[in-house]
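Start from the sequences and build out the full structure, keeping to the hints where you can.
Everything in the sequence shown is counted per the working numbering, starting at 856 for the first residue and increasing by one.
Think of the hints as simulated: they come from the structure by calculation, not from any bench. Since the model is a prediction, treat every value here as computed from it, not as a measurement. Honestly, I wouldn't trust all of these hints.
[Claimed, not checked] In the BS3-like style, the derived pairs of lysine-lysine whose C-alpha atoms are separated by at most 25 Å in a straight line are:
{"id": "1", "residue 1": "Lys951", "residue 2": "Lys931"}
{"id": "2", "residue 1": "Lys931", "residue 2": "Lys863"}
{"id": "3", "residue 1": "Lys861", "residue 2": "Lys931"}
{"id": "4", "residue 1": "Lys858", "residue 2": "Lys962"}
{"id": "5", "residue 1": "Lys931", "residue 2": "Lys976"}
{"id": "6", "residue 1": "Lys861", "residue 2": "Lys888"}
{"id": "7", "residue 1": "Lys931", "residue 2": "Lys962"}
{"id": "8", "residue 1": "Lys940", "residue 2": "Lys858"}
{"id": "9", "residue 1": "Lys863", "residue 2": "Lys962"}
{"id": "10", "residue 1": "Lys861", "residue 2": "Lys940"}
{"id": "11", "residue 1": "Lys962", "residue 2": "Lys940"}
{"id": "12", "residue 1": "Lys858", "residue 2": "Lys888"}
{"id": "13", "residue 1": "Lys940", "residue 2": "Lys950"}
{"id": "14", "residue 1": "Lys889", "residue 2": "Lys962"}
{"id": "15", "residue 1": "Lys976", "residue 2": "Lys950"}
{"id": "16", "residue 1": "Lys889", "residue 2": "Lys863"}
{"id": "17", "residue 1": "Lys976", "residue 2": "Lys951"}
{"id": "18", "residue 1": "Lys861", "residue 2": "Lys962"}
{"id": "19", "residue 1": "Lys976", "residue 2": "Lys940"}
{"id": "20", "residue 1": "Lys858", "residue 2": "Lys889"}
{"id": "21", "residue 1": "Lys940", "residue 2": "Lys951"}
{"id": "22", "residue 1": "Lys888", "residue 2": "Lys863"}
[What the hints assert, rightly or not] Here are the in silico distance ranges between beta carbons for each label pair:
{"id": "23", "residue 1": "Gly946", "residue 2": "Gln874", "range": "43 to 49 Å"}
{"id": "24", "residue 1": "Gly996", "residue 2": "Glu868", "range": "33 to 39 Å"}
{"id": "25", "residue 1": "Gln891", "residue 2": "Thr867", "range": "19 to 25 Å"}
Backbone N, C-alpha and C define an ideal beta-carbon position, used for all residues, glycine too.
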Amino acid sequence: MAKEFKFKINGTEYTTAVQEIEGGITEVTVNGKKYQVEMEKKAAVKVAAPAAKPAAAPAPAAKPAAAPAAGGAQVKSPLPGSIIKVLVSEGQAVKKGDILLQLESMKMANDIAAECDGTVKQIAVTAGQNVMQDDLLVVIG
856 MAKEFKFKIN GTEYTTAVQE IEGGITEVTV NGKKYQVEME KKAAVKVAAP
906 AAKPAAAPAP AAKPAAAPAA GGAQVKSPLP GSIIKVLVSE GQAVKKGDIL
956 LQLESMKMAN DIAAECDGTV KQIAVTAGQN VMQDDLLVVI G
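Structure, rendered in structure tokens:
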């Protein structure tokens with residue numbers, strides 16, 4: 856059974872259908888054109904605070920984003936989806952493992968947890984907002 860999604864990327868609308876994944880291969884239909892897609896199997900969704908990673912590329916000009924707080928741990932989206940709810944507020948103290956928000960992707964709710972202790976310095980998303988993989992969600996300082 857195919858799962859259907861509609862989304863926009865830089866103002867362009869896409870209608871997609873994703874077939875069930877069998878043996879790491881799925882068929883994805885985008886605006887009527889079919890593609891065979893090899894999927895990477897991951898055991899769990901884990902959002903890690905950057906340790907000594909190089910700086911991320913800036914967001915595309917068509918998608919404005921607030922500048923992250925200096926020195927903060929950036930929590931980024933592990934996959935594309937839609938924010939169901941934000942469970943923290945700016946200024947709130949969080950511990951490693953605390954759930955920051957819920958992200959729906961492929962009709963599954965994913966809890967996005969803090970990977971470090973700190974204070975929420977910035978919330979870059981709102982409930983109902985669509986995000987792409989690696990979009991900034993929260994900054995913890």
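Hint check:
1. Lys951 x Lys931: Measuring from Cα to Cα gives roughly 15 Å; hence the hint holds.
2. Lys931 x Lys863: 19 Å, holds
3. Lys861 x Lys931: 22 Å, holds
4. Lys858 x Lys962: Satisfied, since the Cα-Cα distance of roughly 8 Å is no more than 25 Å.
5. Lys931 x Lys976: 14 Å, holds
6. Lys861 x Lys888: Status holds; Cα separation ~14 Å.
7. Lys931 x Lys962: 19 Å, holds
8. Lys940 x Lys858: 22 Å, holds
9. Lys863 x Lys962: Holds. Lys863 to Lys962 sits at ~17 Å (cutoff 25 Å).
10. Lys861 x Lys940: 20 Å, holds
11. Lys962 x Lys940: Judged against 25 Å, a Cα distance of about 14 Å means the pair holds.
12. Lys858 x Lys888: 15 Å, holds
13. Lys940 x Lys950: The hint holds at about 19 Å.
14. Lys889 x Lys962: 21 Å, holds
15. Lys976 x Lys950: 14 Å, holds
16. Lys889 x Lys863: Given that 25 Å is the threshold and the Cα spacing comes to 18 Å, the pair holds.
17. Lys976 x Lys951: Distance ~15 Å between Lys976 and Lys951 Cα, so the pair holds.
18. Lys861 x Lys962: 12 Å, holds
19. Lys976 x Lys940: 18 Å, holds
20. Lys858 x Lys889: 14 Å, holds
21. Lys940 x Lys951: 19 Å, holds
22. Lys888 x Lys863: Since the Cα atoms of Lys888 and Lys863 sit roughly 17 Å apart, the hinted pair holds (cutoff 25 Å).
23. Gly946 x Gln874: 43 to 49 Å: 44 Å, holds
24. Gly996 x Glu868: 33 to 39 Å: Hint holds: Cβ distance 37 Å, inside 33 to 39 Å.
25. Gln891 x Thr867: 19 to 25 Å: 23 Å, holds
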